[in-house]
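J.: Assemble the whole structure, with the sequences as input and the hints as a guide.
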Amino acid sequence: MTSRQLKEVVFVDGARTPFGKAGKGIYAETRADDLIVAVIRELIRRHPELPPERIDEVAIAASTQIGDQGLTIGRVAGLLSGLPKSVPGYAIDRMCAGGMTAVTSISGSIAFGAYDVAIAGGVEHMGRHPMGEAADPNPRFLSDKIVDMSALSMGMTAENLHDRYPGITKQRADLYALRSQEKVAKAYAEGKIQPDLVPVATRSAEHGWGLATRDEPPRPGTTLQDLAALKTPFRPHGRITAGNAAGLNDGATACILASAEAAGELGLPVKMKLVGYGFAGVDPEVMGVGPIPSTEKALKATGLSIEDVGLFELNEAFAVQVLAFLEHYGIADDDARVNAYGGAIALGHPLASSGVRLMTQLARQFGEHPEVRYGLTAMCVGFGQGGTVIWENPNFDRSTAVNAVNEVNAVRGGNK
Amino acid sequence: MTRQIAEPVFENEVVTRSLVRFLEIPGLAGEFALITLDNGQDHTRPSTFGPGGLRSLSAALDAIEARSPRIAAVGVTGKPFIFAVGADISGIGLVTDRAQALALGRQGHQVYRRITDLAVPTFAFINGAVMGGGLELALHCDYRTLSSAAAAIAFPECFLGLVPGWGGTQLLPNLIGGDQAVKVIVENALNQNRMLAPRQAAELGIVDELLDSADFLAESLRWAAKVINGSTPVVRPSVDRGDAWDDAVARGRAFADAKVNGAAPAAYRALDLIELAKSASFDQGVTAEDEALADLIMSDELRSSLYAFDLVNKRAKRPAGAPEASLARKVAKVGVVGAGLMAGQLALLVARRLEVPVVLTDLDQERLDQGVGYVHREVDQLLAKGRLSQDKANRLKSLVSGSLTKDAFADADFVIEAVFEEIKIKKSVFAELEQYLAPTAVLATNTSSLSISEMAADLQHPERVVGFHFFNPVAVMPLLEVVRGEQTDDATLATAFAVAKQLKKTAIGVKDSPSFIVNRLLGRFMGEVSRIVDDGTPIEVADASFAGVAPMPPFVLLSLVGPAIALHNSQTLHAAFGSRFYVSENLRRIVEAKKPGIYSWDGGKQHVDPDVQAFFEHGAAPALTNEQVRYQVLSALAEEARLMLDEGVVLQAQDIDLAMITGAGFSFFNGGITPLLDRTGVAEKVTGRRFLERGVASVAAG
Numbered sequence: 001m002t003s004r005q006l007k008e009v010v011f012v013d014g015a016r017t018p019f020g021k022a023g024k025g026i027y028a029e030t031r032a033d034d035l036i037v038a039v040i041r042e043l044i045r046r047h048p049e050l051p052p053e054r055i056d057e058v059a060i061a062a063s064t065q066i067g068d069q070g071l072t073i074g075r076v077a078g079l080l081s082g083l084p085k086s087v088p089g090y091a092i093d094r095m096c097a098g099g100m101t102a103v104t105s106i107s108g109s110i111a112f113g114a115y116d117v118a119i120a121g122g123v124e125h126m127g128r129h130p131m132g133e134a135a136d137p138n139p140r141f142l143s144d145k146i147v148d149m150s151a152l153s154m155g156m157t158a159e160n161l162h163d164r165y166p167g168i169t170k171q172r173a174d175l176y177a178l179r180s181q182e183k184v185a186k187a188y189a190e191g192k193i194q195p196d197l198v199p200v201a202t203r204s205a206e207h208g209w210g211l212a213t214r215d216e217p218p219r220p221g222t223t224l225q226d227l228a229a230l231k232t233p234f235r236p237h238g239r240i241t242a243g244n245a246a247g248l249n250d251g252a253t254a255c256i257l258a259s260a261e262a263a264g265e266l267g268l269p270v271k272m273k274l275v276g277y278g279f280a281g282v283d284p285e286v287m288g289v290g291p292i293p294s295t296e297k298a299l300k301a302t303g304l305s306i307e308d309v310g311l312f313e314l315n316e317a318f319a320v321q322v323l324a325f326l327e328h329y330g331i332a333d334d335d336a337r338v339n340a341y342g343g344a345i346a347l348g349h350p351l352a353s354s355g356v357r358l359m360t361q362l363a364r365q366f367g368e369h370p371e372v373r374y375g376l377t378a379m380c381v382g383f384g385q386g387g388t389v390i391w392e393n394p395n396f397d398r399s400t401a402v403n404a405v406n407e408v409n410a411v412r413g414g415n416k
Numbered sequence: 001m002t003r004q005i006a007e008p009v010f011e012n013e014v015v016t017r018s019l020v021r022f023l024e025i026p027g028l029a030g031e032f033a034l035i036t037l038d039n040g041q042d043h044t045r046p047s048t049f050g051p052g053g054l055r056s057l058s059a060a061l062d063a064i065e066a067r068s069p070r071i072a073a074v075g076v077t078g079k080p081f082i083f084a085v086g087a088d089i090s091g092i093g094l095v096t097d098r099a100q101a102l103a104l105g106r107q108g109h110q111v112y113r114r115i116t117d118l119a120v121p122t123f124a125f126i127n128g129a130v131m132g133g134g135l136e137l138a139l140h141c142d143y144r145t146l147s148s149a150a151a152a153i154a155f156p157e158c159f160l161g162l163v164p165g166w167g168g169t170q171l172l173p174n175l176i177g178g179d180q181a182v183k184v185i186v187e188n189a190l191n192q193n194r195m196l197a198p199r200q201a202a203e204l205g206i207v208d209e210l211l212d213s214a215d216f217l218a219e220s221l222r223w224a225a226k227v228i229n230g231s232t233p234v235v236r237p238s239v240d241r242g243d244a245w246d247d248a249v250a251r252g253r254a255f256a257d258a259k260v261n262g263a264a265p266a267a268y269r270a271l272d273l274i275e276l277a278k279s280a281s282f283d284q285g286v287t288a289e290d291e292a293l294a295d296l297i298m299s300d301e302l303r304s305s306l307y308a309f310d311l312v313n314k315r316a317k318r319p320a321g322a323p324e325a326s327l328a329r330k331v332a333k334v335g336v337v338g339a340g341l342m343a344g345q346l347a348l349l350v351a352r353r354l355e356v357p358v359v360l361t362d363l364d365q366e367r368l369d370q371g372v373g374y375v376h377r378e379v380d381q382l383l384a385k386g387r388l389s390q391d392k393a394n395r396l397k398s399l400v401s402g403s404l405t406k407d408a409f410a411d412a413d414f415v416i417e418a419v420f421e422e423i424k425i426k427k428s429v430f431a432e433l434e435q436y437l438a439p440t441a442v443l444a445t446n447t448s449s450l451s452i453s454e455m456a457a458d459l460q461h462p463e464r465v466v467g468f469h470f471f472n473p474v475a476v477m478p479l480l481e482v483v484r485g486e487q488t489d490d491a492t493l494a495t496a497f498a499v500a501k502q503l504k505k506t507a508i509g510v511k512d513s514p515s516f517i518v519n520r521l522l523g524r525f526m527g528e529v530s531r532i533v534d535d536g537t538p539i540e541v542a543d544a545s546f547a548g549v550a551p552m553p554p555f556v557l558l559s560l561v562g563p564a565i566a567l568h569n570s571q572t573l574h575a576a577f578g579s580r581f582y583v584s585e586n587l588r589r590i591v592e593a594k595k596p597g598i599y600s601w602d603g604g605k606q607h608v609d610p611d612v613q614a615f616f617e618h619g620a621a622p623a624l625t626n627e628q629v630r631y632q633v634l635s636a637l638a639e640e641a642r643l644m645l646d647e648g649v650v651l652q653a654q655d656i657d658l659a660m661i662t663g664a665g666f667s668f669f670n671g672g673i674t675p676l677l678d679r680t681g682v683a684e685k686v687t688g689r690r691f692l693e694r695g696v697a698s699v700a701a702g
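As given, the protein sequences belong to chains W and S, one line each in that order.
Using the working numbering, the first residue of the first sequence is number 1, and each one after it goes up by one.
Using the working numbering, the first residue of the second sequence is number 1, and each one after it goes up by one.
Treat the hints with care, since some could be wrong.
[Claimed, not checked] Beyond 12 Å from chain W on every Cβ pair, some chain S residues (computed): (1) A60; (2) D272; (3) P357; (4) I565.
[Unchecked claim] With the C-beta cut set under 8 Å, the calculated list includes, among others, these residues of chain S facing chain W: (5) D38; (6) K226; (7) K317.
Calculated from the structure, these hints are not laboratory results.
We treat Cβ as the ideally placed atom computed from N, Cα and C, and that holds for glycine.
T.: Next comes the structure, spelled out in structure tokens:
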């Protein structure tokens, strides 16, 4: 056997459907598989330089793999997208981090040399498939005290996280949530969200066909007073509300990953370079703390420190869970490096699809920030996990970086 | 005094609603008004336009026109898999005067015209099946996209006895030229309603852009935005307005003559309108379409055609008198006795449709090899034409085998005999088979005239015998007469109907009686014509008397059937019913002389074979005219059809008509045969009554 060499993995491009509200939202009569198909076809359309038969794999995540998210959703999506039948596909699940895990699994295979180019993504139609649909938890979870009852309710785990971080108050969480709404509104106004969206035809037997071109969940114009008035459904006088948490959503995301060699050969653009990743388990009843140990693992594996990271895309399942992460690393609640376009509290969190949205948004910010070398995407995962992926900016320019550092130091009075 | 005509109303109309939404589309300034056509049913009940549907479309256009600020463009699309399949023909039967008929045409024109008159660009996004009035709606739009998976694209009007009279005869030729318009509107329609594939429709220029089905609507809207902002120009080839247009109309008339011989008006009216479209204004064309539609809606030919359409689409699927389908036994292996041409055709059909093992038996290895070889060759031909995959061809070939002994039928569930048409032979074959078969295995006979009851009489299990009469060529002719013998039980009959359905045949239940339906009526028909000719009317005169009645002249049919079979049929019928059925001495001579028919072909021209002419004996009776020949023969048919109903050979006249359409190629515009007998007055004159109430296959009294 010849000696094996690892390959560098690059993020070529990502896209997503607009996210919808589960239940009576824009996708109420649209199938989940049609959502992921729309995204895959858009990626193929945007990259005519990529011959479809060169795609070596299609890995699609879904938390609930039944009905229109079943039947090996990665394979189904490839066939329905019109990819050659020779292109294989598989389904993947790590609940909220399904899409992220699709990316890391595919990346591992590319680095190993098994694939040149592949598609990774996720889909979740929470209207058709509520979280935990048809799940059958083993009674030993409780009898053997493996987890607390609250571990099965994400809202309760978020309340538990507030207990663990007493300094993170409801007011801080609401303020964070308000900024998420404001940042999304601003990013939309500046046209930063729209380029990654695929218009999706939406069926309605009552109203006729529509076209989804924008995310449905954002509530621009939300005020702190509005947020303060919301109910806390998980505890009397608790802290978690519909306003400082992501909603229940429908949506799909996907991206093209490739080895650096294959990207060069085919002329594929490189938006990000993969540096490394880590996943970690935590107590399921405080699952929101997961991104902290997973980030520790990723930093250790890559030899980087948190100071090396210039941009953060953190999934906002709950405001408290992002704030816990920031508090752990001594980052301010309103640090401009964090979720520059806003996050899931405003945009929505269709579970398995969210990971790739973080990456697509980070990639776009890399283009705007040549002074930034490293970016980090991280998310918490139901039942007690966290996941972190660290990326390098191919646009990184040392001279702009030096200038930027000087500017920051000047602003901070040269303290650091 | 002018009479006020109310807006048309169809009772029980399944209304196709026009649902409007005002959409924001990337790259387009202003709103895009998208109309979805949806009748609220799934794809098995396609959207159509009746008066209520047109009013809904009109209301949608009101909403669009009222929208402020003004919308940027308008699009029309359909519910999943269906755009719209045309006018709602179910209400036509209710129209009893010409003014109502005229109003129907006008209403369509008026509403569709509103789309053309919109001041903004208009688009049809044809997401699925599109026919007739649906296609005309699309043609009223400025631009069209089409899903590459759209199932049916056609103007079926001339096939039914109408014209595409909501603008189709004017818009289509002006879009794609007279030549192609004649092909689409007339030739395809008269060729058993041939549909266009999406790629063909795009190549003809009926649509501007073909898009994949996966994201058809989203991509159509993206394309529309680019057309509106000018980044995607839409270029269409110019239309040839020279002689090609006139030549095509002339060609279309010749084609119509060949198909209906002037007996059905629709195609000719369509051709007149296409001719008019070359030079007339759209307004002139519209007026002419209104008149044509009104005339055709008030014609008995159309009403008969709609009746026939209903028979082949509904009655054919639920055979009258068939027992409960759940009584049918599973058929997992089929036997065919005999290995001749008929047996080979049956084996091929069964293998293709049932996909179960089929065993042929014969006494002679050489014939057996020929029979199996025939099937294998046919499969290879299908493979070569790309109609089958290699895997499927392998599967079909492996399903068909031959055996010299009948023990190969031991585990067969259904055995069809196709041996020589002789009662003794058939009885002995069945008796032999019983030694090997399970008691529940069905014994089916492909006899065309012999008694099922007699064939079953001496068996241990006579209840398992059923008639299963195919028509030649087996792969092409839809009809299958399923004949119940005196002792045939319900399970056997249900199994026979179930197998017929799997074979995709039109099964009609028949009482055991000589020659069943089609051969009895054709026997009477041929016998009567032969009697007239033998008496003294020239062959050519007789043959020229049935244009628009029979699918071909009787003596041409004779050549196709074969004189020996025709003679045998006439003798069987004569033996059963006596002198009503004439046995022609001249036919006997033709058979004895081993002539293939009366005609021979010389340089492509048909003329009476001189040898036949030499021995043919005409009587001294004065020659009849065409009209007299036709009247005498139709009278005989009326008498026979009435007798068949009285004897209970079939349940209703509808079964006779369905049989004549699917087994003998009789025309839709005659409704098969009984509507013609009613329409010409022959039925009442000969039998004292009509076959069908007024309004069933004719215009009802107003």
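J.: Each hint: holds or not?
T.: Hint check results:
Under the 12 Å C-beta cut-off, the non-interface status given to S/A60 relative to chain W is violated; the minimum distance is some 9 Å. At roughly 38 Å, the least C-beta separation between S/D272 and chain W is larger than 12 Å, which holds for a residue marked as non-interface. Against the 12 Å criterion, S/P357 stays outside the reach of chain W, whose nearest CB is about 30 Å from its own CB. Listed as outside the interface, S/I565 is consistent with that label: its C-beta sits roughly 50 Å from the nearest C-beta of chain W, beyond the 12 Å cut-off.
About 7 Å separates the beta-carbon of S/D38 from the nearest beta-carbon of chain W, less than 8 Å, and the hint is met. The closest approach between the C-beta of S/K226 and any C-beta of chain W is roughly 13 Å, which is over the 8 Å cut-off, so the hint fails. Below 8 Å, beta-carbon pairs count as interface contacts, and S/K317 has none with chain W, the closest being about 27 Å; its hint is therefore violated.
Of the hints listed earlier, those the structure fails to meet are numbers 1, 6, 7, in rising order.
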